[in-house]
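Asks: Spelled out, the chains give:
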Amino acid sequence: MVIKVSELPEEEMILPGTRLCSGCGIQLAYRWALKALGPKTIITNPASCSTVCGGVGGYTPLKVPAFYCCFETVAANAAGAAAALKAKGQDKDVVVLAWAGDGGTYDIGIQGLSGASERGDNFIFACVNNQAYMNTGIQRSGATPYGATTTTTPILGKQQLNKNMRKIMEAHGLSYIAQTAASHPRDIYEKFKKAREFNGKGVRYIEILGTCPPGWGFPTDQSVHMARLAVETGYWPLLERIEGKLIISQPSKRYLDKSKRKDIREFLKGQSRFRHLKEEDIKIWENYIDAQWDEIREELHKQGDI
Amino acid sequence: MVRTEQDIKLEKKVSQTILASQQTPAVGEAGHTGEWRTKRPILHTEKCLVVKTGKLTCNLCWLYCPENTVSRSIPPKFNYDYCKGCGICATECPAHAIEMISEKEAPSCEGNEGGN
Ligand SMILES: Cc1ncc(C[n+]2csc(CCOP(=O)(O)OP(=O)(O)O)c2C)c(N)n1
Ligand code: SF4
Ligand code: SF4
Ligand code: SF4
Ligand SMILES: [Mg+2]
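Residue numbers (numbering that gives the first Met the number 0), protein chains in the order written: chain A, 0 to 305; chain B, 0 to 115.
Bound conformation, chain A alone (with noise of 0.2 angstroms):
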């Protein structure tokens, strides 16, 4: 079941008045994040939207402390945070967040992010996915989608298939994995306590779609339409692993049947980075659907969930 809006806690860990773009999704989502691990938290992160939301000079919209760090050094800071806590015997009541974009996880902060995990450094890892380098101006990344144009992929767009980092997390055998999207605040808030709750267990890895509306091209009213399209089309699966089982959440259930999924093109053509896509460029976005949906089943199929 997923928890009531009256039910949330009223107490914010950012306080409006940010410097992040009007209708940015990185921040809605970082909300929520925050508001579920609450004021006994650290944060490490990485050069990347989020860092504008830690303010410059002497104040900060963010209640509780963070550590604003090299961009290949997120989980090492964390771990470092982590052993630190430990050694004082806080490492229960206080919890660890890397926070990073997907430049800092997919491609600059890999080697780190990985090396703790094969560790199991105790702490949770957010990556806030807006599928491009966005601070410094939509720069392509290793999470940037098919056919996106970017700034440095701006006539055809990426000519690639975006780095599947789930895998890569799952292939470290890690205790809790989970995806969201800024499109589901309550499954934001819920997957991030859950992920509180393996405190002890190692890197828990969370990775959650950020919409950003100068980087895709929308309007700012789109934010949460958006994500929300990219769960509705089937392409972007709200579920968890944990502790090596697959979970599909609730939201995302009825789209292991292809028939309920919404045509991948509504979410497409929403978007002026996807505005030259072509009938063949949407074709290999269809696959690419239907082949992770296909994986998802036989999975399900063989844990006997269906």
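Take the hints with a grain of salt, since some may be wrong.
[Said to hold, decoys possible] Below are the DSBU-like pairs computed for lysine-lysine, each with C-alpha atoms no more than 35 angstroms apart in a straight line: (1) A:91 with B:51; (2) A:192 with A:162; (3) A:39 with B:11.
[Claimed, not checked] If you want a taste of the chain A side facing chain B, the calculated C-beta under 10 angstroms gives, among others: (4) 3; (5) 5; (6) 24.
[Claimed, not checked] Restraint-style ranges between C-beta atoms, simulated for each label pair: (7) B:23 with A:138: 31 to 37 angstroms; (8) B:95 with A:243: 41 to 47 angstroms; (9) B:106 with A:169: 50 to 56 angstroms; (10) B:104 with A:83: 52 to 58 angstroms; (11) A:110 with B:106: 52 to 58 angstroms; (12) B:104 with A:110: 51 to 57 angstroms.
Calculated directly from the structure, the hints in this document are not laboratory data. Backbone N, C-alpha and C fix where the C-beta goes; we use that ideal spot for every residue, glycine too.
Position chain B with the ligands against the provided structure of chain A, taking the given hints into account.
Replies: Chain B with the ligands only, in chain A's frame:
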């Protein structure tokens, strides 16, 4: 491990640097972000579900606002000092109770820092 005088000196310098870079939590870190708005959300109270039922049954505007500038209350209230006017609340409201009106035509609201 024995700490040399030099180590202690360095540690002091590091902790001073950390203290100097400490920030204080504050509302409006980026100033009155309400000034960014070109449109503002207004509530048509009679359409709002929580007003109609007298219970906190909906509050999706509060749930989805990235900026935390609409309250979970009956009726929902906007914080025009910092609301950036993105329009997500209006788009997501299931009862179409929120309308985005041009900032130029907005009635002057108490506590309003945005608009003209
Ligand atoms: C080593 C290094 N390379 C490049 C940069 C410049 N830089 C700062 S933020 C950023 C983009 C970050 O992209 P991502 O991690 O996806 O986060 P987003 O801004 O999209 O949230 C880049 C390239 C840097 N700070 N350090
Ligand atoms: S560029 Fe995109 S991700 Fe960055 S603050 Fe603006 S909307 Fe958010
Ligand atoms: S989303 Fe609409 S109906 Fe629901 S509480 Fe907000 S204004 Fe009222
Ligand atoms: S317009 Fe945007 S910032 Fe303003 S209250 Fe609505 S959702 Fe929040
Ligand atoms: Mg990014």
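Asks: A separate judgement is required for each hint: does it hold in the structure or not?
Replies: Hint check:
For the proposed pair residue 91 of chain A and residue 51 of chain B, the alpha carbon gap of about 44 angstroms is over 35 angstroms, so the pair is violated. Of the supplied pair hints, the one linking residue 192 of chain A and residue 162 of chain A holds, its CA atoms being roughly 27 angstroms apart against a limit of 35 angstroms. The hinted pair formed by residue 39 of chain A and residue 11 of chain B meets the criterion: a straight-line CA distance of about 26 angstroms does not exceed 35 angstroms. Look at residue 3 of chain A: its Cβ gets to within about 9 angstroms of chain B, closer than 10 angstroms, so that hint holds up.
Checking residue 5 of chain A against chain B by beta carbon gives a least distance of about 4 angstroms; that is within 10 angstroms, so the hint holds. Checking residue 24 of chain A against chain B by beta carbon gives a least distance of about 7 angstroms; that is within 10 angstroms, so the hint holds. Here the CB-CB span from residue 23 of chain B to residue 138 of chain A is close to 33 angstroms, well matched to the stated 31 to 37 angstroms. The hinted window of 41 to 47 angstroms between residue 95 of chain B and residue 243 of chain A holds, with their beta carbons roughly 45 angstroms apart.
At about 54 angstroms, the beta-carbon gap between residue 106 of chain B and residue 169 of chain A stays in the expected band of 50 to 56 angstroms. For the hinted restraint 52 to 58 angstroms between residue 104 of chain B and residue 83 of chain A, the CB-CB distance of approximately 55 angstroms keeps it satisfied. At roughly 56 angstroms, the beta carbons of residue 110 of chain A and residue 106 of chain B sit within the given window of 52 to 58 angstroms. In this structure the hint that residue 104 of chain B and residue 110 of chain A lie 51 to 57 angstroms apart at CB holds, the actual value being about 54 angstroms.
In summary, the one numbered hint that this structure violates is 1.
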